[in-house]
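Number of protein chains: 2
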Amino acid sequence: MIVRVLKYAILGLLYRQEYSGYDITSQFKKEIGQFWSAKHSQIYPELRKLVDEGLLHFRTQIQGEKLEKKMYTITEAGRKELLEWALSPEPLPETEKDAFMLKMYFIHTLSQEEARILFENQLQQRQEKLVHLKQEYEQLIPLFGEENTSGAMHFDHPHLGHYLVLTKAIAREQSYVEWLKRHVHLLL
Amino acid sequence: MIVRVLKYAILGLLYRQEYSGYDITSQFKKEIGQFWSAKHSQIYPELRKLVDEGLLHFRTQIQGEKLEKKMYTITEAGRKELLEWALSPEPLPETEKDAFMLKMYFIHTLSQEEARILFENQLQQRQEKLVHLKQEYEQLIPLFGEENTSGAMHFDHPHLGHYLVLTKAIAREQSYVEWLKRHVHLLL
DNA sequence: AGTTACATGTAATACGTTACATGATTCT
DNA sequence: AGAATCATGTAACGTATTACATGTAACT
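Line by line, the protein sequences give chains A and B. Just so it is clear: in the first sequence, position 83 is 63 by my numbering, and no numbers are missing. Just so it is clear: in the second sequence, position 179 is 159 by my numbering, and no numbers are missing.
Certain hints may be false.
Because identical chains share one entry, a pair is satisfied inside a single copy or across any pair of copies.
Once the Cα atoms are required to be at most 25 Å apart in a straight line, the calculated DMTMM-like pairs of lysine to aspartate or glutamate come out as [what the hints assert, rightly or not]: (1) K60 to E93; (2) K50 to E70; (3) K(-13) to E76; (4) K60 to E94; (5) K9 to D78; (6) K161 to D136; (7) K77 to E64; (8) K29 to D78; (9) K10 to E76; (10) K(-13) to E74; (11) K60 to E100; (12) K9 to E26; (13) K161 to E70; (14) K161 to E56; (15) K(-13) to E61; (16) K114 to E158; (17) K109 to D78; (18) K10 to E70; (19) K114 to E74; (20) K109 to E70; (21) K10 to D32; (22) K109 to E11; (23) K77 to E61; (24) K19 to E48; (25) K9 to E(-2); (26) K77 to D3; (27) K19 to D78.
Source of the hints: derived by calculation from the structure; they are not laboratory data.
Make a model of the complete structure from these sequences and hints.
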């Protein structure tokens, strides 16, 4: 079951608009970066590969005086392959890697105080991230449409994808924080 | 920030008892596999590397008539490096990859019905996994010690690590299921 | 006798990060 | 003038999966 998720992440980003390699790199630093990302050193070769495979094409655009940038567009073949992937049911990963939880599995290697410090550090980081994500959410309510108004979220809303990943990221961090809080007493 | 988490996963497993490469592979199929794992093709070369680095040594044991297996033990240097890693605060990953959520970000590529099928499929898989994890938890209550009895979980409990990863995996799946249930109405 | 589990390795390939390398444009 | 951002690429290395390869031991 070979997947090449980066391929589909790029095709998906180009589904609605054309982007440069740099733009794609930037997108992975925004909301979707919570669930998928790649460095520019992986993106540029992948873009070339997708062009070679006929799933993308590009035009060269001049920025300012002479800075060339390549604007990529998805082809019909690209849309077809994207749809095929998007439609396929996603199996659960056997392992969702989490180095902090690996350390917790080996908690007996630490003293109670050492474990407590590590645990409270993780709690603080997760809480800070949660605050940050909630702030992002609050700022985007006007874009999403407030609850119980004519602008509420619905399937055809242009920012449904954004809304889903943000609420999911918040749920993930909320759950992490609650689990940490529920179990910190074991280390006190 | 070079990490080599597999190295520490192996050292951690060997902290309390000796294991063969096969045993380590088996451990990654049990509870810790929720948060870290590796295939035998990655484990065997890593074990060799750790021996070369003086963090492990092994003795050859005969199983049955002539089947040789290598039983690995952690060295003092190995314990030292493991502790160093275990003590270091774990930074949050920027990205926690989730291909299903990537598909949800691109939900506008699908029809409402296609999206609903995908979403309900994920909900079912996550619910099944949650049931399975809860069953594991129920079976382990005697090992963990029931709540509000003299056998309740505490820092020195020999299965605290196991308890933590199981409760965390349950929390993760519970949160996933709840998020899916909270948002499925957008696709109906 | 046949199947499953135990047991160990290597080869080829794919995926991902860090470092190397260069230059233009925009903002302060 | 200097810093941050925009812009694109390659090289080296590390991590991880799939496939190849072989053989023993235990269970039914």
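These are the hints, each one checked on the structure:
Within a single copy, K60 and E93 get their C-alpha atoms only as close as 56 Å, which misses the 25 Å cut-off; across copies the closest is 18 Å, which meets it. In this assembly of identical chains, K50 and E70 lie within 25 Å of each other by CA distance neither inside one copy nor across copies; the values are 32 Å within and 38 Å between. Taking identical chains as interchangeable, the C-alpha atoms of K(-13) and E76 lie at most 25 Å apart whether they share a chain (21 Å) or sit on different chains (18 Å). In the homo-oligomer, the alpha carbons of K60 and E94 lie at most 25 Å apart only across protomers (15 Å), although the nearest pairing inside one protomer, at 53 Å, exceeds that limit.
Taking the shortest alpha-carbon separations for K9 and D78, both the intra-copy value of 20 Å and the inter-copy value of 15 Å come in at or below 25 Å. When the C-alpha separation of K161 and D136 is checked against a cutoff of 25 Å, the pair qualifies only between copies, where the shortest distance is 19 Å, while the shortest distance within a copy is 38 Å. In the homo-oligomer, the alpha carbons of K77 and E64 lie at most 25 Å apart only across protomers (20 Å), although the nearest pairing inside one protomer, at 27 Å, exceeds that limit. For the identical chains of this complex, K29 and D78 are inter-copy neighbours only, at 23 Å across copies versus 31 Å inside a copy, given an alpha-carbon limit of 25 Å.
In this assembly of identical chains, K10 and E76 lie within 25 Å of each other by CA distance both inside one copy and across copies; the values are 21 Å within and 13 Å between. When the C-alpha separation of K(-13) and E74 is checked against a cutoff of 25 Å, the pair qualifies both within a copy, at 22 Å, and between copies, at 20 Å. Proximity of K60 to E100 under the C-alpha cut-off of 25 Å is restricted to the inter-copy arrangement: shortest distance 23 Å between copies versus 48 Å within a copy. Within a single copy, K9 and E26 get their C-alpha atoms as close as 18 Å, which meets the 25 Å cut-off; across copies the closest is 33 Å, which misses it.
Proximity of K161 to E70 under the C-alpha cut-off of 25 Å is restricted to the inter-copy arrangement: shortest distance 17 Å between copies versus 31 Å within a copy. For the homomeric pair K161 and E56, neither the shortest alpha-carbon distance inside one copy (50 Å) nor that between copies (34 Å) is at most 25 Å. Proximity of K(-13) and E61 under a CA criterion of 25 Å is satisfied intra-copy only: 10 Å inside one chain copy versus 38 Å between copies. In the homo-oligomer, the alpha carbons of K114 and E158 lie at most 25 Å apart both inside one protomer (15 Å) and across protomers (18 Å), since each shortest distance falls under that limit.
Taking identical chains as interchangeable, the C-alpha atoms of K109 and D78 lie at most 25 Å apart whether they share a chain (16 Å) or sit on different chains (18 Å). Taking CA atoms no more than 25 Å apart as the test, K10 paired with E70 passes in both settings, with 23 Å inside one copy and 22 Å between copies. When the C-alpha separation of K114 and E74 is checked against a cutoff of 25 Å, the pair qualifies only between copies, where the shortest distance is 16 Å, while the shortest distance within a copy is 29 Å. Taking the closest pair of Cα atoms, K109 and E70 come within 25 Å of each other only across two copies (14 Å); inside a single copy the shortest separation is 27 Å, beyond that limit.
When the C-alpha separation of K10 and D32 is checked against a cutoff of 25 Å, the pair qualifies neither within a copy, at 28 Å, nor between copies, at 42 Å. Within a single copy, K109 and E11 get their C-alpha atoms as close as 13 Å, which meets the 25 Å cut-off; across copies the closest is 27 Å, which misses it. For the homomeric pair K77 and E61, the shortest alpha-carbon distance between copies (21 Å) is at most 25 Å, but the shortest distance inside one copy (28 Å) is not. When the C-alpha separation of K19 and E48 is checked against a cutoff of 25 Å, the pair qualifies only within one copy, where the shortest distance is 20 Å, while the shortest distance between copies is 44 Å.
Proximity of K9 and E(-2) under a CA criterion of 25 Å is satisfied intra-copy only: 18 Å inside one chain copy versus 43 Å between copies. Proximity of K77 and D3 under a CA criterion of 25 Å is satisfied inter-copy only: 20 Å between copies versus 28 Å inside one chain copy. In the homo-oligomer, the alpha carbons of K19 and D78 lie at most 25 Å apart both inside one protomer (20 Å) and across protomers (17 Å), since each shortest distance falls under that limit.
In this structure, the hints that do not hold are numbers 2, 14, 21, in rising order.
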